[in-house]
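Student: The lines below spell out each chain.
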Amino acid sequence: MAGDIAVVTLGMLAVAAGIAVFVVDSMARATFALLASFLAVAGILLALDLVYLAVVTALMMTMEMAVMAIFMIMFMMNPAGLMPMTMVHNARGSAVAGASVFTVLTVGIWTIDWPARQGTQPDDATRQLGESIMGGHMLVMLVIGIGLFATIIAGTVLATQRGRYDRFGPELDARRPHDPVAGGLPR
Amino acid sequence: MPDMTTPETVATSVAAWGLLPAVALVVAVALALGLVFAALDRVVVAGGDANAMAGPSRTVVRWLVKQRRTTLAPDRLLWRVATGAVPVLAVLSMAVVPIAGRTLWSTSADLVWFNAMEALLWAAVWLVGWGPNAVHALVGGYRFLAQGLAYELPLMFALITAGLAAGSLRTTDVVAAQADLWFVVTMPVAFVVFLASAAAFAFWGPFAAPAGADIAGGVVSELSGVERLLVEAGRAIFLGASAAMGATLFLGGGSGPWLPDALWHLLKTVLLMGLMVVAGRRVPVLRPDRYVEAAWVVLVPVTLLQALVVAVLVLSGMYA
Numbered sequence: 019m020a021g022d023i024a025v026v027t028l029g030m031l032a033v034a035a036g037i038a039v040f041v042v043d044s045m046a047r048a049t050f051a052l053l054a055s056f057l058a059v060a061g062i063l064l065a066l067d068l069v070y071l072a073v074v075t076a077l078m079m080t081m082e083m084a085v086m087a088i089f090m091i092m093f094m095m096n097p098a099g100l101m102p103m104t105m106v107h108n109a110r111g112s113a114v115a116g117a118s119v120f121t122v123l124t125v126g127i128w129t130i131d132w133p134a135r136q137g138t139q140p141d142d143a144t145r146q147l148g149e150s151i152m153g154g155h156m157l158v159m160l161v162i163g164i165g166l167f168a169t170i171i172a173g174t175v176l177a178t179q180r181g182r183y184d185r186f187g188p189e190l191d192a193r194r195p196h197d198p199v200a201g202g203l204p205r
Numbered sequence: 072m073p074d075m076t077t078p079e080t081v082a083t084s085v086a087a088w089g090l091l092p093a094v095a096l097v098v099a100v101a102l103a104l105g106l107v108f109a110a111l112d113r114v115v116v117a118g119g120d121a122n123a124m125a126g127p128s129r130t131v132v133r134w135l136v137k138q139r140r141t142t143l144a145p146d147r148l149l150w151r152v153a154t155g156a157v158p159v160l161a162v163l164s165m166a167v168v169p170i171a172g173r174t175l176w177s178t179s180a181d182l183v184w185f186n187a188m189e190a191l192l193w194a195a196v197w198l199v200g201w202g203p204n205a206v207h208a209l210v211g212g213y214r215f216l217a218q219g220l221a222y223e224l225p226l227m228f229a230l231i232t233a234g235l236a237a238g239s240l241r242t243t244d245v246v247a248a249q250a251d252l253w254f255v256v257t258m259p260v261a262f263v264v265f266l267a268s269a270a271a272f273a274f275w276g277p278f279a280a281p282a283g284a285d286i287a288g289g290v291v292s293e294l295s296g297v298e299r300l301l302v303e304a305g306r307a308i309f310l311g312a313s314a315a316m317g318a319t320l321f322l323g324g325g326s327g328p329w330l331p332d333a334l335w336h337l338l339k340t341v342l343l344m345g346l347m348v349v350a351g352r353r354v355p356v357l358r359p360d361r362y363v364e365a366a367w368v369v370l371v372p373v374t375l376l377q378a379l380v381v382a383v384l385v386l387s388g389m390y391a
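Those sequence lines, one after another, are chains S and Z.
For what it's worth, the numbering used here labels the leading residue of the first sequence as 19, then goes sequentially.
For what it's worth, the numbering used here labels the leading residue of the second sequence as 72, then goes sequentially.
Bound conformation, chain Z alone (with noise of 0.2 Å):
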């Protein structure tokens, strides 16, 4: 059995730094992250350059200019507290991804909180659809949760895998624990899974049906203006933080030999942005009647496999 106490204590960054400084920190770091990403992204559909890399900033100065436009008897409380949700949630996440070693707080359940962020998601993205009280909308919002329900177990089981080897559910644990073998090496379909339905519940991507052409742009489709730049810049920083989470959990954090451990962090971050991009955009928009039936039939048992040899490999003193 893995040593189930704490090995070093590490602080978190509010007791570090303080907790204006901290906090201010890991938002920085969010929407560095998201605009990365959706730089990234721009480059990869519409081909590298410069002018592409500024594309997202461009974007994000028209939105905030650009009138907003509002349908017929919308649900505007709900909807404008969805919109606000978005963003929120994805920051939020940040709270438990560890930014040069520490995160902003640190508590026995860090894995839990990581995947509460995206499970209120599921709330806010069916009430962004419902809001405007526009079909397409709606459809997208259902098809999201029809989406969620089938990712979210192999999402749980991806997570749960890396925290049965660490033996905490404390993410500078399961840094610690990656000290002498990254976790990828024993648990690639964890890794996987865990990034593919990072793509899942941004909707981005293969898993874009939520928000697919076919429905006109369906939950994002009625959003204008600065409700449009919350949910996406949402989006972008869920994408953001994903990577930085996956690099955590599955690619040892910050370990790394010359480099300070931030960069190490900062170049495995990206690194998966890039692979998730390049992957991500390589696949077609899945159905999501499809995609469904594969995740219960297919995803469930290969996670829960894959958490089974984890835990054998636990109780023969693989991660000890």
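Bound conformation, chain S alone (with noise of 0.2 Å):
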């Protein structure tokens, strides 16, 4: 009974924290409106018994958001981001957009006839859920994380303006690099 009004109050939370993203009016107040919307979703897993799924979530999304911050201010419009601003662009689409797929889901949540639980609940439902999930694709998966991760470098490689020309001069004989922040190391 405790854990169905802890979800039920953190998942109303998690909306209104939600909405607040879209209605506050600086950068810094959606991002970390968004963040609270995310810890609630957290709350909710650990009113669920997956406690490391919600230390996860807290975790990542705390770092991500935190990060994020930092690049939406820097490329806002106006500098530092502490003007006045909204996130809100093509407001009647956007709301109509996100009320739909709203419903979609609450309906689709409400409404799919859910298979009853077999057997006990296990001790730690973390390893179980992982199991059932990673189970037989874990080599997909690695895959996968490395495929992203390749392509996060590649994406970095290709989008930093200066190379190793720059850096070492056209016949790539300097001894030091020539980098407009030094960096710690003795190189």
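Keep in mind the hints are simulated off the structure, nothing from the lab.
Please read these numbers as outputs of a predicted model, since none were measured by experiment.
In this text, a Cβ means the ideal position worked out from N, Cα and C, and glycines have one as well.
Careful: at least some of the hints might be erroneous.
[What the hints assert, rightly or not] Computed beta-carbon distance windows for the label pairs:
| hint | chain 1 | residue 1 | chain 2 | residue 2 | range |
| --- | --- | --- | --- | --- | --- |
| 1 | S | M86 | Z | A287 | 56 to 62 Å |
| 2 | S | E82 | Z | A365 | 22 to 28 Å |
| 3 | S | I37 | Z | N122 | 51 to 57 Å |
| 4 | Z | L90 | S | T104 | 40 to 46 Å |
[Stated by the list, open to error] Looking from chain Z toward chain S, a few residues come up when the C-beta cut is under 7 Å (computed):
| hint | residue |
| --- | --- |
| 5 | W176 |
| 6 | T178 |
| 7 | A180 |
| 8 | V183 |
| 9 | N186 |
| 10 | A187 |
| 11 | W193 |
| 12 | W197 |
| 13 | L216 |
| 14 | A217 |
| 15 | D360 |
| 16 | R361 |
| 17 | E364 |
| 18 | A365 |
| 19 | V368 |
[To be verified] Below, a sample of chain Z positions facing chain S; criterion: calculated Cβ distance under 8 Å:
| hint | residue |
| --- | --- |
| 20 | L198 |
| 21 | W335 |
| 22 | Y362 |
Dock chain to chain to rebuild the complex, using the hints, since each chain is given by itself in its own frame.
Tutor: This is the structure in structure tokens:
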């Protein structure tokens, strides 16, 4: 019963914080309203006894939001992002899209004939969940992971303005790289 | 492979002593550890006598009664939330540190919980810098995030290495796995990196650049009165909690001859605090741009190697 109340309360909190993202007028507030929404979801996972997923959600989302705040503010139209702003563009279209997706998901969740639990609750639900999601697909997951990592590195290499010729000269024979920020290692 | 089942089920302190006493004990121990760390720090920096030891307590009283000042057009909501969050997160990180052999709550992801509290600190510290609408505070907040990105992976690998050897992320299991041999023997790199990262996420000692004198105090520059007290208390509690966690993960927790477990754990914790303060105060403040490169190029591979060594030892039955 206490768990049900927690799930419902945190669920409403998550939705309310999600709405706040589009109501507040500063990028910092929008970012951390989104974080509050994610933390409420982490709280729901905690109430469902999925501790590992809950703390990992809190951990990852906090870092993500902190880094996102930097980039969002950096790329904003007004420097430092201190002027009032809004997250809403094409207000009517996005409202319709958001409301319809929410409706579809909610109706789906409440009308699907979920299977009843068979057997007893495991000691560590996280382990069971992980095995049922990943079990036979570990190799696929690993390959995807390495593929994603390679994509990130390739993307960074393509996007960076300075290459090795800028750092080590046209003959690549400079003893120390010519970098705008020197870095901490004697090279 | 180590035995994946829990060796012996240690009841949480909530189950043993009831919710309110258990929570009160964790809060009291957290505050005491923070005060002890601050006192040790003061003694090492200012020279040791009883007067210096009482310094932090006097500062607490002064900040409690001091009038608060504010800035022009601050983001008051985010600023207040952030200054309150710093000590709360520090105390919450103590929830998975065993006190007298029992943690406040015990889950299959204790080490991740400790790490998550420290990650939430990223948001809190950046907001402490953002809130006052002041340039030095904001620069300090950005410095903290740059440093955070650099220390986070080595810290995670250090925590995971201890969990790997124990075959469990539960702190009481990690202590039980050290019955024969303390983890510091086989994972010295993880031990040092953990303590250094603790100094980094409390932006203290060599990692104090986010609150550096060159930017007039950085993230803490616009804090005054009670808010200054909250943030500084949070930093001290995080350092004390990390010393207690370090003793738990690498020095066998409460294990030791003759004395009771709780006393051994306390002795090891105070020893680690002393080590951190003496070593940390001998190193000058590191410039974030320099530390960041060293962390990515040196610390990440070194901690990965440490994890690899421990993984091989686990497979060879070293910790079974």
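Student: Does each hint hold? Answer for all of them.
Tutor: Here is how each hint holds up against the structure:
1. S:M86 <-> Z:A287: 56 to 62 Å: Distance hint for M86 of chain S, A287 of chain Z is violated at roughly 28 Å.
2. S:E82 <-> Z:A365: 22 to 28 Å: At 25 Å between Cβs, range holds.
3. S:I37 <-> Z:N122: 51 to 57 Å: holds (55 Å)
4. Z:L90 <-> S:T104: 40 to 46 Å: holds (44 Å)
5. W176: Because about 9 Å separates W176 of chain Z from the closest Cβ in chain S, which is outside the 7 Å limit, the hint is violated.
6. T178: Holds. Min distance 4 Å.
7. A180: holds (4 Å)
8. V183: holds (5 Å)
9. N186: holds (6 Å)
10. A187: Constraint on A187 of chain Z satisfied, holds at 4 Å.
11. W193: holds (4 Å)
12. W197: Holds, about 6 Å.
13. L216: With a closest approach of 6 Å, the L216 of chain Z hint holds.
14. A217: violated (9 Å)
15. D360: Given a least distance of 5 Å, the restraint on D360 of chain Z holds.
16. R361: Check passed: Cβ of R361 of chain Z comes within 3 Å of chain S, closer than 7 Å.
17. E364: holds (4 Å)
18. A365: holds (4 Å)
19. V368: holds (6 Å)
20. L198: holds (7 Å)
21. W335: Violated. Min distance 28 Å.
22. Y362: holds (6 Å)
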